[in-house]
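Using the sequences and the hints given, assemble the complete structure.
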Amino acid sequence: MKMPAENLRWDTLEALKNSPKGRIKYSPDWLEKGEDILAGCKEVTSLSPLSGHILKNLSRVSSFVSPTRDTSPGTTENDPIYTSVSISPYHTLTTPVSPSTSLTLVATENGGKVSEDILENSDSSGDLSPVLSCTPPPAISLLSPRATQMAGCIRICEENHRAKAKSELSLRQELQQRLVVSVASRESEQLKRFEELMELKQRQEYQSMRDMIEKETQEMLGRQEKLKEEHRHRTKILNLRLREAEQQRLREAELERQRQVEGRERLRTLNAIQEEVLQLNQLLEPAPPTQPGPTLDHTSYITRGNQLCSQVSEVIRTTAEGQFPSVEDMTVAERALQEMRSLLRALQEQVTQAQERKKKEQEEEDERKKQAELKVQQEKQKKSPAPSAKDQVQKQGLQAVAEDSTFKWYTELQDLACQYTHSFEDLNNAKDTQTKKLRMELQKAATIPVSQISSISGSQLKEIFDKIDKLLSGRQVVSGGKSVSTSHHPHGLEFVSYKLAEKFVKQGEEEVASHHEAAFPIAVVASGVWELHPTVGNLILAHLHKKCPYAVPHYPVMKQGTSIEEYQRILGYRVNDSGVEGQDSFLKRMSGMIRLYAAIIQLRWPHSNKQGPGHHGLNHGWRWLAQMLNMEPIADVTATLLFDFLEVSGNALLKQYQGQFWKLLMLIKEEYISRIEAVTSTGQLGSLTRLKQFLQSALRNKQIDPPKGQLTSAFWRS
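The opening residue of the sequence shown carries number 214 in the numbering used here; numbering runs sequentially from there.
These aren't lab readings, by the way, just hints derived from the structure by calculation.
Predicted model only: the values in this text are computed from it and were never measured.
A virtual CB, placed ideally from N, CA and C, is assigned to each residue, including glycine.
Mixed in with the good hints, there may be bad ones.
Computed beta-carbon distance windows for the label pairs [as the list claims (entries may be wrong)]:
| hint | residue 1 | residue 2 | range |
| --- | --- | --- | --- |
| 1 | Glu676 | Thr925 | 14 to 22 angstroms |
| 2 | Arg368 | Arg399 | 42 to 50 angstroms |
| 3 | Thr925 | Lys441 | 31 to 39 angstroms |
| 4 | Ile777 | Lys572 | 29 to 37 angstroms |
Here you go:
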């Protein structure tokens with residue numbers, strides 16, 4: 214087939230490929246395998262005698278055939294020509310060619326026809342040798358330049374188609390992959406949407422369940438609140454009813470109590486009426502005649518009086534069965550009493566009239582006898598001296614002053630205090646700055662710890678006690694950031710002991726007087742110091758007796774030449790430029806000091822190593838109490854001090870002396886109270902009333918409660 218133009222080759226090849234006749238299998242490997250291209254389709258085409266001339270023209274094909282001629286000597290034209298023919302892009306075949314060699318041209322697959330382009334340029338007029346009939350050399354499949362070009366075009370077309378197929382396949386695969394990815398993505402998205410839908414449904418179900426639960430909870434809470442409200446309402450109504458019932462019961466109880474009180478009052482009144490009626494009836498009895506003469510007839514009065522007594526007794530008999538007298542009974546009894554009084558007045562009038570008649574007769578004689586007796590008494594008084602006040606008191610069994618032994622003890626303590634005062638007089642009256650500074654430091658070291666005593670904790674009390682003990686033992690103590698010791702001055706110990714005792718008593722005078730519970734922590738420290746340093750205890754007593762002589766007990770007597778102000782100071786009153794302190798302030802201070810003393814005698818320092826009773830114990834309290842009862846009471850002072858002393862130390866004295874202490878309380882109640890009442894005025898009944906109530910409560914309950922503020926074992930562990 215002859216192609217009209219070069220640019221139509223590819224179209225022709227494409228048309229041949231798509232035509233029914235062009236479905237020829239082609240493989241470039243056929244030549245290598247020795248297979249004919251058109252084997253099985255057509256017979257092998259034999260070359261014409263002009264094939265030699267054609268072979269000469271093969272050298273013109275530059276791209277496909279490269280002829281090589283051997284020009285070496287000895288080589289002629291008739292020798293076989295070896296031509297290297299490129300028959301495939303991968304193989305080069307070298308074959309000897311001679312003019313007489315028959316060539317077989319492999320036809321291309323162009324509709325089963327052999328291309329005639331090979332013979333276009335061949336010279337038909339050339340001499341061609343006939344085809345040899347003898348056995349030729351093996352046939353060589355040789356392609357023409359056009360066929361080779363066509364084969365290359367076919368190969369290129371196939372490569373293009375293969376590349377196109379590969380690209381289409383890769384495109385298809387890419388599209389398929391994209392489709393798979395898109396499908397997978399779509400499925401994934403659908404799965405996500407499905408999961409989101411399921412999650413949404415779960416959330417909706419959970420939300421609906423939660424809403425339902427909340428709704429049920431709210432409804433339940435509402436029902437509970439409603440029930441609570443109903444319960445509160447019912448409780449309120451019940452409380453109102455209970456309150457009304459309680460008020461009704463209280464009203465009835467009050468009415469019953471009032472009725473009982475009124476009944477008991479009427480019963481007491483009735484008993485008093487009966488007692489008075491009986492007494493008046495006894496007055497109706499005639500007195501035995503002391504002198505001869507006419508007597509009055511009392512028979513009618515006595516008879517009527519007995520009748521009135523019977524009426525009152527009848528009323529009393531009705532009340533003996535547990536019933537209170539009624540108003541009518543009281544009216545009957547009061548009428549009987551009034552009539553009895555009228556009878557007595559009538560009888561007394563008759564007796565008075567009779568006595569008046571006798572009086573006139575004996576008047577002169579009585580006057581003479583009286584004058585004679587008066588003269589006799591005057592003569593006796595002139596002859597015998599009048600008894601002294603001391604003798605009168607001794608006849609009554611009480612004393613006006615302290616006993617001799619007690620007064621001697623009191624005097625010795627005061628002398629001891631004076632001795633200490635004189636011993637550190639040089640320290641007290643020092644002029645140099647260094648000694649003054651030392652005195653102030655010693656005084657602060659002695660007084661500040663006592664001011665810090667409180668009932669906060671037992672450990673704090675122990676620290677204060679140890680500090681005081683170190684100071685009295687001559688060791689160094691820190692006070693106000695400075696180290697101080699009694700050994701820094703020859704009389705430092707006397708000064709500190711005196712000031713320390715004075716401060717203890719002053720705490721009782723001020724702190725205990727204002728706060729009664731403060732007596733116990735102060736007293737327990739003072740008792741511990743007293744036990745280790747007895748001189749300090751004696752100085753405490755000396756200061757106490759000086760400020761409160763009733764703690765001895767001692768009632769100082771006003772000596773001749775003593776001014777009233779000085780005597781009041783001796784009695785314990787504070788006297789200054791503004792005058793004497795009031796009685797209330799005086800009693801308050803005396804009460805604080807006697808309470809401190811009552812606490813000291815019953816307490817011991819718990820950390821002491823000494824065994825046995827304390828140095829100044831309950832026996833001194835018993836002595837003080839007994840001597841107070843042996844002395845004449847003083848208005849307002851005796852009752853106050855007895856009450857304070859018994860309230861603080863009564864429980865301890867009861868445990869110590871038991872029955873003897875009860876006898877002492879009975880003595881105070883039955884005998885000594887009346888003596889206090891005799892010297893007590895109307896405005897001084899407060900302390901006496903408190904003492905009476907204390908005694909009545911103690912004797913009625915058969916016990917005395919421990920005092921308030923008493924230190925317990927738990928306090929010492931704090």
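Hint by hint, here is what the structure shows:
Look at Glu676 against Thr925: about 19 angstroms separates their beta carbons, and that is inside 14 to 22 angstroms. For Arg368 and Arg399, the hinted distance range of 42 to 50 angstroms is satisfied, since their beta carbons lie about 44 angstroms from each other. The hinted range of 31 to 39 angstroms is not satisfied by Thr925 and Lys441, whose Cβ atoms lie roughly 47 angstroms apart. Distance hint for Ile777 and Lys572: a CB-CB separation of about 53 angstroms, inconsistent with the stated range 29 to 37 angstroms.
Checked against the numbered hints given earlier, this structure breaks hints 3, 4; the rest are met.
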